[in-house]
Amino acid sequence: MRLSVLHRTVYTYRQPVTDSVNEARLRPLDHPFQDCLTFDLRTDPPSTFSAYPDFYRNTVHVFEVATPHRALTVESRSLVETRPPPLPPDNQDFPFEQLKKSAWDLACYEFLQSTELVSCGIAAWRLAVDLVPKPSDVQEAAFALMRGTYRTFEYCPHSTQVHTHMDEVLRLRRGVCQDFAHVLIGLSRSLGIPARYVSGYLFTQPGPGALRGTEASHAWCEVHLPGWGWLGLDPTNNQVVDERYIRVALGRDYHDVPPTRGTYRGPESREMKVEVEVRSAAPDRNQKPMG
Amino acid sequence: MLSGRYATEGFFDEMFMADGQVRPHYRRLMERFSNLSAEEFLQKKQAVDASFLRLGITFTVYGDEEGTERIFPFDLIPRIIPDKEWRLIDEGLTQRIIALNMFLHDIYHDQRIIKEGVIPAPYILSAKHFRREFMGFNVPRDIYIHICGTDLIRDDSGRYLVLEDNGRCPSGVSYVLENRVAMKRAFPNFFEAAGVRPVDSYSSDLLQTLRHIAPGGKEDPTVVLLTPGVYNSAYFEHCFLARQMGIEIVEGRDLVVRDAKVYMRTTRGLEPVDVIYRRLDDDFLDPSVFRRDSVLGVPGLINAYRAGQVSLANSIGTGVADDKVIYYFVPKMIKFYLGQDPIIPNVDTYLASEEKDLKYILDHLPELVVKAANESGGYGMLIGPKASRSEIADFRKKIVAEPRNFIAQPTISLSRHPTLVDGVKAEGRHIDLRPFILHGDKVRIMPGGLTRVALRKGSLVVNSSQGGGSKDTWVLYGDE
Chain A
12 MRLSVLHRTV
22 YTYRQPVTDS
32 VNEARLRPLD
42 HPFQDCLTFD
52 LRTDPPSTFS
62 AYPDFYRNTV
72 HVFEVATPHR
82 ALTVESRSLV
92 ETRPPPLPPD
102 NQDFPFEQLK
112 KSAWDLACYE
122 FLQSTELVSC
132 GIAAWRLAVD
142 LVPKPSDVQE
152 AAFALMRGTY
162 RTFEYCPHST
172 QVHTHMDEVL
182 RLRRGVCQDF
192 AHVLIGLSRS
202 LGIPARYVSG
212 YLFTQPGPGA
222 LRGTEASHAW
232 CEVHLPGWGW
242 LGLDPTNNQV
252 VDERYIRVAL
262 GRDYHDVPPT
272 RGTYRGPESR
282 EMKVEVEVRS
292 AAPDRNQKPM
302 G
Chain B
5 MLSGRYATEG
15 FFDEMFMADG
25 QVRPHYRRLM
35 ERFSNLSAEE
45 FLQKKQAVDA
55 SFLRLGITFT
65 VYGDEEGTER
75 IFPFDLIPRI
85 IPDKEWRLID
95 EGLTQRIIAL
105 NMFLHDIYHD
115 QRIIKEGVIP
125 APYILSAKHF
135 RREFMGFNVP
145 RDIYIHICGT
155 DLIRDDSGRY
165 LVLEDNGRCP
175 SGVSYVLENR
185 VAMKRAFPNF
195 FEAAGVRPVD
205 SYSSDLLQTL
215 RHIAPGGKED
225 PTVVLLTPGV
235 YNSAYFEHCF
245 LARQMGIEIV
255 EGRDLVVRDA
265 KVYMRTTRGL
275 EPVDVIYRRL
285 DDDFLDPSVF
295 RRDSVLGVPG
305 LINAYRAGQV
315 SLANSIGTGV
325 ADDKVIYYFV
335 PKMIKFYLGQ
345 DPIIPNVDTY
355 LASEEKDLKY
365 ILDHLPELVV
375 KAANESGGYG
385 MLIGPKASRS
395 EIADFRKKIV
405 AEPRNFIAQP
415 TISLSRHPTL
425 VDGVKAEGRH
435 IDLRPFILHG
445 DKVRIMPGGL
455 TRVALRKGSL
465 VVNSSQGGGS
475 KDTWVLYGDE
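If you read the sequences in order, they're chains A and B.
Using the numbering used here, the letters of the first sequence correspond one by one to residues 12 to 302.
Using the numbering used here, the letters of the second sequence correspond one by one to residues 5 to 484.
Among the hints, erroneous ones may be present.
[Claimed, not checked] With beta-carbon atoms standing in for the labels, derived distance ranges: (1) A:Pro278 <-> B:Arg189: 48 to 56 Å; (2) A:His266 <-> B:Glu406: 16 to 24 Å; (3) B:Pro349 <-> A:Thr29: 52 to 60 Å; (4) B:Arg163 <-> A:Ile133: 44 to 52 Å; (5) A:Pro278 <-> B:Glu371: 35 to 43 Å; (6) A:Arg158 <-> B:Lys402: 33 to 41 Å; (7) B:Pro124 <-> A:Ile133: 21 to 29 Å; (8) A:Arg290 <-> B:Phe141: 16 to 24 Å; (9) A:Leu48 <-> B:Phe141: 24 to 32 Å.
These are computed hints drawn from the structure, not numbers from a lab.
C-beta atoms are modelled at their ideal positions from N, C-alpha and C, and glycine is treated no differently.
Using the sequences and the hints given, assemble the complete structure.
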């Protein structure tokens, strides 16, 4: 699937601010089931960018706006080719006992811990064992947790903030896609299933049956099936991640992958407006790639 | 003063052997001191104390209600290390700093030491100061720790052991330099006769180390010292070192980043900065990357560092090596990277996160010293033999709740040194040693270091924040 994304964030300040230094994680990842064909990042006031790969191989762009400004626009446009991610074979079992190895695995260890916004403590564990009383197969358990999260929690835009902790969400029983992802991550980790946070975009046709979480950037999670790999699960929409999902960044929780973060000198209060548009961009048939 | 009544009481004493004989490298000192009357001695002591007060050589105690600044008590009887012992220390510390640097490079690049099973991944990934942000980053000249303070102790047989490494912002070197100045003033003619190696090249060695890492090998780089400010416990030292090196001392607000270059605000406008000797922990360096609430740092500094426009000493992410759980693995690192056995061994250490060790620790709390993995300055510590039952019970809970954050060691009977108490009487007090290691174009270790002494009778805690004092440390050219 070829998809184009426009992601625009506008900050407005009451008074002019200066010395704004920011990091942006907006470039879609390149990986076996997704190519980022083009990526264009610009700001207003204009700035120059440098980029580095972070610990999880997400691309981070860094930019400064030193001069006084009342508004800052960060706009990214990307063109992405996605392919359906593979699913584990129907007949493959993932017995829970195999998870023991994951706990010592470099790739899994930190996706099993409590992190800034996700707790895999007693509250998460209680809900998890309610949903999966007798865990035996990791994949089955993960699906049950996803269904449970989807049914137990109410999707409710603006009910939480970006820094809302998962424990708070467990009490509120509602939230946005970020909270759904955090909850499923916490529940999975509490049972010993490595789970990580993915931020990105979801393409959906408008109209009835439209999916949730498409008006801004989306978030979901990936769980690790021992011996197979990471499987994407979207608890907000209760479905397995497919080619309509564009992965931008992954981390332990939202704090590892905010689309933009930074500091500036000036009054604290500001307004933020985010606009995301994901469209189908059918490939130009006259220009088929060679070979 | 150092009369026959001095008792070693079964401890390893630096100056006296068990039979009361003076060790050979203390003989000249003994002769000189024997010629002094008690009165003369007292006079010298008072003169030294007064000069420290005048110079404002103080430190700050956190969490203390009474005035925060205190004088660091100084003891007039110097600690002496003969050449043959110093050679061993020098070699051992050089070996250690090289291994630590290789370790830091490795965990921020290929992670061979994890992949080959020497250190389990969880210990690195859960290290509080492991900086994920700097994975794959190449630090200038591939040096991570430029300035290291490694604490050494001696056990009851006189064997030197490494107690901990301080690879972030070790402090204390200014006391070493000031102690020497004070001693020279008190005993002007004695140093040459005693064959004491000088320490006064430290500042120029430090500057050379800092200039070595200038971006692009710049010839005449601008070096500054970045301090958290006057409320930091080591602010005196920051001023002292900046003055000695003839460089500017700056706070975060004095620096500004433009187009990934760092500048210092001056009365003549912005001046570019090439190397920053930062005495500020990673967390506070740049609010746009690390702690958002840091007002001490410089927004954009990390981006400038990443762009290779400015160098930092020490590099970012060295705190992993300070983690006391990682300390446990240093001998294994030396073996892994250098194929050598450690010249100076570690103190035996138990990791609470290993099931077998945990059981041992919990069963033996009254005998052990328990330390929090990421605290320093003698905070967050339990000394089993000196602790009350409720303190032990308290620690037991903490350890069980967070085993990754605790290690335990047998209570080492630290070596003792004659130390003045109540004016003119000498009694044995426990000491340690913090040598300062510089790693630039080569490894340079200042002869000696900071000898800290636990002034309270029987106390094993030498930290200045916990009632410790210091001594001048003499490394001799020879062995007598």
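| field | Broken hints, by number | value | Hints 5, 8 contradicted; others consistent.
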